[in-house]
Every structure is written in C-alpha cells, then in structure tokens.
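Numbering (our numbering), first residue to last: 2 to 290.
The hints are simulated quantities; they were obtained by calculation from the structure and are not laboratory data. From the three backbone atoms N, C-alpha and C, an ideal C-beta is built for every residue, glycine too. One or more hints might be untrue.
When the alpha-carbon atoms are kept at most 25 Å apart in a straight line, the in silico SDA-like pairs for lysine to any residue are as follows [said to hold, decoys possible]: (1) LYS85 <-> LYS221; (2) LYS85 <-> LEU152; (3) LYS229 <-> ARG162; (4) LYS163 <-> GLN201; (5) LYS221 <-> GLN241; (6) LYS22 <-> LYS220; (7) LYS221 <-> SER249; (8) LYS221 <-> HIS255; (9) LYS220 <-> LEU152; (10) LYS210 <-> PHE17; (11) LYS85 <-> LYS229; (12) LYS163 <-> ARG28; (13) LYS229 <-> HIS255; (14) LYS140 <-> ARG186; (15) LYS210 <-> GLU197; (16) LYS220 <-> PHE29; (17) LYS273 <-> SER125; (18) LYS85 <-> ALA133; (19) LYS220 <-> GLU153; (20) LYS22 <-> GLU153; (21) LYS22 <-> VAL77; (22) LYS140 <-> SER94; (23) LYS163 <-> LEU139; (24) LYS22 <-> PRO35; (25) LYS140 <-> ASP272.
Across the chosen pairs, the derived CB separations fall in these ranges [what the hints assert, rightly or not]: (26) GLN274 <-> GLN189: 24 to 32 Å; (27) GLN202 <-> ASP156: 21 to 29 Å; (28) LYS221 <-> ALA138: 39 to 47 Å; (29) SER246 <-> PRO35: 37 to 45 Å; (30) GLU107 <-> ARG162: 17 to 25 Å; (31) LEU262 <-> ARG162: 28 to 36 Å.
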Amino acid sequence: MKAVIQKIAAPHHASFVYRVKTASQFRFNWHFHPEYELTLIDRSHGKRFVGDSICDYHNGDLVLLGPNLPHTWQSVPSSPRATKQRAYLIQFSPHFLGNELLQCAELSHVQGLLTRSAHGLSFSSSVKDAAAIRIRALKNLSGVRRLTGLLELLDLLARSRKSSTISSPGFVPSLHREHHRLIDRTIQYITDHYREGISQQEVAEFVGKNPAVFSSFFKKTVGVTFVKYVNSLKVSHACQLLIESDLSVLEICHRSGFNNLSNFNRRFLQDKQMSPRRYRSEHQTTHAS
C-alpha cells in the first residue's frame, strides 16, 4: 500500500499523546508516522490494516505499532442511531524519555517490546484486559503519575508472552502521497457502494483508470483482489447484522450485497470457517453476556 505521513504533536505539558477517538464510523485513512502507537478498540468492529496484514477487529482489540508502519482501521458502518464507536490511542516518539533513559537496565523489557513492534504486535485477551484498565486510567492522571502509568503499561505488555506479529517480516512500506489519495478515494467509494453490487469496472471508471490497470494497482496496493476485498466487506457487514439483529439469514444475505443465498453461504464459510447460522448462535451468546 501507499501511505501518507501524519504529523503528531504532543501537548506542551506532556511527553506523549493520549486521546479518545469517537466517531460514527472509523473511515479508511492509510497513513504512517514516526511515533509508536498503542491502540485499544473500546467499541467498534471492522477491518484492521497494518503493513501487508488485513484482518477483522472487534471490541478489545489491542495493538502496538512501531514507527513508520502504515496502518488504518475501517469500521463497519453503524446505523444512524447506533452508539458512537470509540478507541483509545497513545502515541509517543522513540525519544519521549530522552536519548538515554530507555537504555537503562530497568527498562530492558520495554526496549525489547518496542523493538519487536516494528511490524506491529497484537495482544491476546489474557493481557489486554489488564492493559485496558491501565489505558483508561491514564485519562485521569497527570504529571509524573501519567508518565509512570505509561511505563508500567509498557512493562506489562513487555512481560507478556501472549503477543503475535501482525505484518510480515518482509514487508517494506512504499510511501507515496499521490497513490495514497487514489487508494483512499477508491476504498471510500467501495465502502459507500459495496452493498449495491458494484463492479471492478465501475470503480475503475470512477477513479479514471483502465480496468486492467486498476485491477493490478488494487491487488498490488491493498494486497488482495478487488473481488476478495468487496466480499470481505460484505461478510463483515453480515456479521454485524447476525449479531445485532433478528433478521433472517436470507434477508441479511441481500442487505449485505450478495445476490443469492448459496453464494453468501459459500463466501461466509470461506471467510469465517463456519456457517452464518452457527456464527449467529456463537456470537449472540457472547454479545448478550
């Protein structure tokens, strides 16, 4: 993918950025920055893009991203009356403690964590629940307590053995402003129209590219084919409806943009390794609890 740089400035009274992001929808915004970023998804679900990785995310998703690693979260659109989606973000520069402090013996585990985050780290539920409590608590801290709170949080993550690398080790970002604008327009158009049965040719015409050239460009920048990406969005929307509504599977099939039930069932099975009915049964129980 091609990404654009994002400028991040810590407030004058703090050495790192802490913010709570709320929106009706997290839109595709492929970007990178020289700061580390720790993101906790509090209330949202959709697709998480990190480097060359594209996967589903849900409430409680916790990741640490190293500097200059392209990323974005694209949520499934919510209904107008739905509760706003929310995420907690902590961003800090490689030198937020100065040039020497991170090298001290007491912070060796933290230094190792930051090194391992170069391709992104995703944390399992055994540690992210405890981390989430600390992340939310930082909002009400200030001064030294706020700084030590962050260090304790990073130490907690560093000592956990329940993390996995997100992007592949061989991923090398290609960072180009013009391509960023083009893929951003493309993804937004697909997001707005995928349930209407859009074709690759239609999207190619929208962005002013020859269909064959567009097909190659999309596969190279997004990492999957146009058809696979659109089907993935449809399945994600179907998952939301299966959990949050009592609509029939057939109605959900059509509302998600699939033309027929057999194709919907086949695509859903490929993506989720289970049928829509089984997915509803398992996740509605979890959602209710």
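Hint by hint, here is what the structure shows:
1. For the given pair, LYS85 sits about 33 Å from LYS221 by alpha-carbon distance, which is inconsistent with the 25 Å threshold.
2. Under the criterion of a C-alpha separation no larger than 25 Å, the hint pairing LYS85 with LEU152 is inconsistent with the structure, at around 30 Å.
3. Between the alpha carbons of LYS229 and ARG162 the distance comes to roughly 33 Å, so the proposed pair goes past 25 Å and is violated.
4. In summary, the hint linking LYS163 to GLN201 is not supported, as the alpha carbons are separated by about 40 Å, beyond the 25 Å threshold.
5. At most 25 Å may separate the alpha-carbon atoms for a hinted pair to count; LYS221 and GLN241 exceed this at roughly 29 Å.
6. Of the supplied pair hints, the one linking LYS22 and LYS220 is violated, its CA atoms being roughly 30 Å apart against a limit of 25 Å.
7. Between LYS221 and SER249, the direct Cα distance comes to roughly 37 Å. Violation of the 25 Å bound is thereby established for this hinted pair.
8. Of the supplied pair hints, the one linking LYS221 and HIS255 is violated, its CA atoms being roughly 30 Å apart against a limit of 25 Å.
9. Proposed proximity of LYS220 and LEU152 is contradicted: the alpha carbons are some 40 Å apart, above 25 Å.
10. The hinted pair formed by LYS210 and PHE17 fails the criterion: a straight-line CA distance of about 42 Å is larger than 25 Å.
11. Restraint check for LYS85 and LYS229: the C-alpha separation of about 28 Å exceeds 25 Å, so the hint is violated.
12. A C-alpha spacing of about 29 Å is found between LYS163 and ARG28, which places the hinted pair above 25 Å, so the restraint is violated.
13. Distance check on the hinted pair: LYS229 and HIS255 sit about 18 Å apart at the alpha-carbon level, within 25 Å; holds.
14. A threshold of 25 Å between alpha carbons decides the hint, and for LYS140 with ARG186 the separation of about 34 Å lies outside it, so the pair is violated.
15. For a cut-off of 25 Å, the pair hint linking LYS210 to GLU197 stands: about 21 Å separates their Cα positions.
16. With a CA separation close to 17 Å, the supplied pair LYS220 and PHE29 stays within the 25 Å bound.
17. For the given pair, LYS273 sits about 19 Å from SER125 by alpha-carbon distance, which is consistent with the 25 Å threshold.
18. Taking the CA atoms of LYS85 and ALA133, the gap is near 19 Å; set against the 25 Å cutoff, the hint holds.
19. For the proposed pair LYS220 and GLU153, the alpha carbon gap of about 41 Å is over 25 Å, so the pair is violated.
20. The hinted pair formed by LYS22 and GLU153 meets the criterion: a straight-line CA distance of about 23 Å does not exceed 25 Å.
21. For a cut-off of 25 Å, the pair hint linking LYS22 to VAL77 stands: about 16 Å separates their Cα positions.
22. Restraint check: the Cα-Cα separation between LYS140 and SER94 comes to about 19 Å, which is no more than 25 Å; the hinted pair holds.
23. The hinted pair formed by LYS163 and LEU139 meets the criterion: a straight-line CA distance of about 23 Å does not exceed 25 Å.
24. For the suggested pair LYS22 and PRO35, the alpha carbons sit about 20 Å apart, so the restraint of at most 25 Å is met.
25. For the given pair, LYS140 sits about 37 Å from ASP272 by alpha-carbon distance, which is inconsistent with the 25 Å threshold.
26. For GLN274 and GLN189, the hinted distance range of 24 to 32 Å is satisfied, since their beta carbons lie about 30 Å from each other.
27. Checked against the hint of 21 to 29 Å, the pair GLN202 and ASP156 fails, with Cβ atoms roughly 53 Å apart.
28. In this structure the supplied range 39 to 47 Å holds for LYS221 paired with ALA138, their Cβ-Cβ distance being about 43 Å.
29. The hint said 37 to 45 Å for the Cβ distance between SER246 and PRO35, and at roughly 43 Å that hint holds.
30. As the Cβ distance of GLU107 to ARG162 is approximately 20 Å, the hint placing it in 17 to 25 Å holds.
31. At roughly 43 Å, the beta carbons of LEU262 and ARG162 sit outside the given window of 28 to 36 Å.
Going through the hint list in order, the structure does not satisfy hints 1, 2, 3, 4, 5, 6, 7, 8, 9, 10, 11, 12, 14, 19, 25, 27 and 31.
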